[in-house]
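Trainee: Which chain is which? The protein sequence lines are A and B, in order.
By my numbering, the letter at position 173 of the first sequence is numbered 173, and the numbering carries on one by one without gaps.
By my numbering, the letter at position 226 of the second sequence is numbered 226, and the numbering carries on one by one without gaps.
It should be emphasised that the hints constitute simulated quantities derived from the structure, not laboratory data.
Built from N, CA and C at the ideal position, the CB exists for glycine as well.
Check the hints yourself; a few may be wrong.
Label-pair restraints from in silico Cβ distances [claimed, not checked]:
| id | chain 1 | residue 1 | chain 2 | residue 2 | range |
| --- | --- | --- | --- | --- | --- |
| 1 | B | 18 | A | 143 | 36 to 42 Å |
| 2 | A | 132 | B | 205 | 56 to 62 Å |
| 3 | A | 235 | B | 184 | 40 to 46 Å |
| 4 | B | 41 | A | 63 | 32 to 38 Å |
| 5 | A | 132 | B | 17 | 31 to 37 Å |
| 6 | A | 119 | B | 184 | 33 to 39 Å |
| 7 | B | 21 | A | 123 | 22 to 28 Å |
| 8 | B | 41 | A | 22 | 36 to 42 Å |
| 9 | B | 21 | A | 189 | 42 to 48 Å |
| 10 | A | 17 | B | 253 | 39 to 45 Å |
Here are some of the chain A residues that sit facing chain B, going by a computed Cβ distance under 7 Å [stated by the list, open to error]:
| id | residue |
| --- | --- |
| 11 | 25 |
| 12 | 26 |
| 13 | 29 |
| 14 | 111 |
| 15 | 112 |
| 16 | 135 |
| 17 | 137 |
| 18 | 161 |
| 19 | 176 |
| 20 | 219 |
| 21 | 227 |
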Amino acid sequence: MLDGVQAAADAAIVVKDLRKRYDEVDAVKGISFVVRAGTTTALLGGNGAGKTTTLSMLLGVLTPTAGSIAILGCDMLRDRYRMLPRMNFTSPYVDLPRRLTVGENLRVFADLYGVREPKQRIAQLAGEFDLAGLLARPYGNLSAGQRTRVSLAKALLNRPEVLLLDEPTASLDPDIGDRMRTYLEHYQRESRCTMLLASHNMGEVERMCDDVIMLREGLVVNQGSPHDLIERYGRENMDEVFLDIARGGTDESELGAPTPEVAA
Amino acid sequence: MQPVLDSGACLHPQTGLAASARRVRALVRRHAYLLLKSWPRLVSMAYYPTVTMVLWAFLTIYLKPTTNFLQDAPGFFIGAVLLWDVLFRGQLGVSLTFIEEMYSRNLGNLFVSPLRLSEFIAGQLTMSVLRTLIGVGGACFFAWLLFRYSIFALGFPLIDFFCLLLAFGWSIGLAVSAMILRWGLGAEELAWAAIFLVAPVSGVYYPISVLPAWLQPVAWLLPSAHVFEGMRSVLLEGEFPWNHFWAAAGLDLVYLGIGVATFRLAINFARVHGKLLQMGE
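Please model the complete structure; the sequences and the hints are all you need to start from.
Mentor: Here it is as structure tokens:
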């Protein structure tokens, strides 16, 4: 465990005073939070709030300016290769090689993650994500929705214990989106996987997430369960809470919200 | 659409040589898929070395009756151009493998996987060897088919020259990849142009003594200059010049160290500035 980080015994992700500064811009201004093991937590905020920057730092592809990150007790800034095989992620902003077929892409990543019996695992995921008919097609020829399904399949190849999802159902039609959420919920329940989800779909957040961490301008401004936040802001649903927070019209200190440090 | 969950370990061990070899193999597999499904790519890899070789072969035929050293070593220019292509293809193999990942916006996926930087580099170098063997191998085949010239007549020294030039190509390729990562795909032209900076001082077709006196010390700082000087020694005098061999090998180590260090710095720069998830066409 990281020095100085007080976290509950069931913490899967512990972030302490995390900061990221690009030249003159403070993208993340010292955030702290804990994600409980076996739960789904949403990282919410408007554009530029620091969600993708935070996810990137958790994944190790962005070096923080300061702070610490521990995932399943592993210090990600010093020893991330010990943890990376047990994690995965998906993002609509990161592509897979377009001229490779779906099957080839999944095979390459199965080998990179060291998946035992990769052919069986790919066939299994292809069945679960309705990809069997797409395995021989080049990834670049797929629709945006099909690519999202392939990216999700790629993210589950190694049966991750920690899954970071950046807008996981973007570009999916309501039917497929719903099936994906059902799949992820089922996977999370059965595997006790910890999921951290950045999404702009508040219906998805209300449905899937046990906890929500709200970011604005690089700071954690509130956190709690979707139900608690709706109650705290006196709103009908998470869409309205999101608008309140993103537009900055509410003084969170007056809501009696737990500060991130207390929550951590 | 219900997940079928397996309990217990579903992954191979993640540490040790076997794990590293598996990840490097995965990276090579990714690029092999790409190469093998595109015959224009495969053909173009051998096309340029072959056309250049044919040009120098005809020049040899034209000059041979009036040029003494070509009568002694008729394969002089052809051997030189084939070895030059080992250097060029070796560098291109590293740079283009890296550019391919940037084009496909795949760096983010690779760098959040368990793939280590050293394994990523090893994958690039392995692809460089394969690309060089395909490209120069094709040209060697046509040299034998069209002009009855076999570069394998160089014998054992050929292996040394090949390895020394390939290693120098790797170091330039890694440095070029670092610059592309640093400045983006706008610097892509470097992949094709950078190597020609060392061509005039490598003495590919002429001895280093031809260069101005002030330029000769610069030339001797390049492994390629020692290799081509060595090639001429083997062809014209029938002797393997160990002094040039050791000089080239030592310099290769230095340049490879610089190439790897530069690439590491560029990756660290990309991690600090958030470029690994953003890079793309």
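Trainee: If a hint holds in the structure, say so; if it does not, say that too.
Mentor: Structure-based check of each hint:
1. At about 39 Å, the beta-carbon gap between residue 18(B) and residue 143(A) stays in the expected band of 36 to 42 Å.
2. About 57 Å separates the C-beta atoms of residue 132(A) and residue 205(B), a value consistent with the hinted range of 56 to 62 Å.
3. Separation of residue 235(A) from residue 184(B) is about 43 Å and conforms to the stated range, judged on CB atoms against 40 to 46 Å.
4. At about 35 Å, the beta-carbon gap between residue 41(B) and residue 63(A) stays in the expected band of 32 to 38 Å.
5. Between residue 132(A) and residue 17(B) the C-beta distance comes to about 36 Å, which sits within the given range of 31 to 37 Å.
6. For residue 119(A) and residue 184(B), the Cβ-Cβ distance of about 38 Å falls inside the hinted range of 33 to 39 Å, so the restraint holds.
7. For residue 21(B) and residue 123(A), the hinted distance range of 22 to 28 Å is satisfied, since their beta carbons lie about 25 Å from each other.
8. Remark: the range hint 36 to 42 Å for residue 41(B) to residue 22(A) is upheld by a beta-carbon distance near 37 Å.
9. At roughly 37 Å, the beta carbons of residue 21(B) and residue 189(A) sit outside the given window of 42 to 48 Å.
10. Residue 17(A) and residue 253(B) have their C-beta atoms about 43 Å apart, which keeps the hinted 39 to 45 Å range intact.
11. Against a cut-off of 7 Å between C-beta atoms, the interface hint on residue 25(A) is violated, since the closest Cβ of chain B lies about 11 Å away.
12. Given the 7 Å rule on beta carbons, the hint for residue 26(A) is violated: about 14 Å separates it from the nearest Cβ of chain B.
13. Nearest Cβ of chain B to the Cβ of residue 29(A): about 16 Å, over the 7 Å cut. The hint is violated.
14. Hint status for residue 111(A) relative to chain B: holds, with the closest Cβ pair at about 3 Å, below 7 Å.
15. For residue 112(A), the suggested interface contact is upheld, since its CB lies about 4 Å from the closest CB of chain B, less than 7 Å.
16. Taking 7 Å as the C-beta cut-off, the interface hint given for residue 135(A) is violated, the closest approach to chain B being about 13 Å.
17. The restraint placing residue 137(A) at the interface with chain B is violated, with a minimum CB-CB distance near 13 Å, outside the 7 Å limit.
18. With a cut of 7 Å, the hint placing residue 161(A) at the interface with chain B is violated, because the nearest CB-to-CB distance is about 11 Å.
19. Interface restraint check for residue 176(A): the shortest CB-CB distance to chain B comes to about 9 Å, outside 7 Å, so the restraint is violated.
20. A cut of 7 Å between beta carbons decides the hint on residue 219(A): the least distance to chain B is about 19 Å, and the hint is violated.
21. At about 26 Å, the closest approach between the beta carbon of residue 227(A) and any beta carbon in chain B exceeds 7 Å, and the interface hint on this residue is violated.
Figure legend: structure checked against the earlier numbered hints; hints not met, in rising order: 9, 11, 12, 13, 16, 17, 18, 19, 20, 21.
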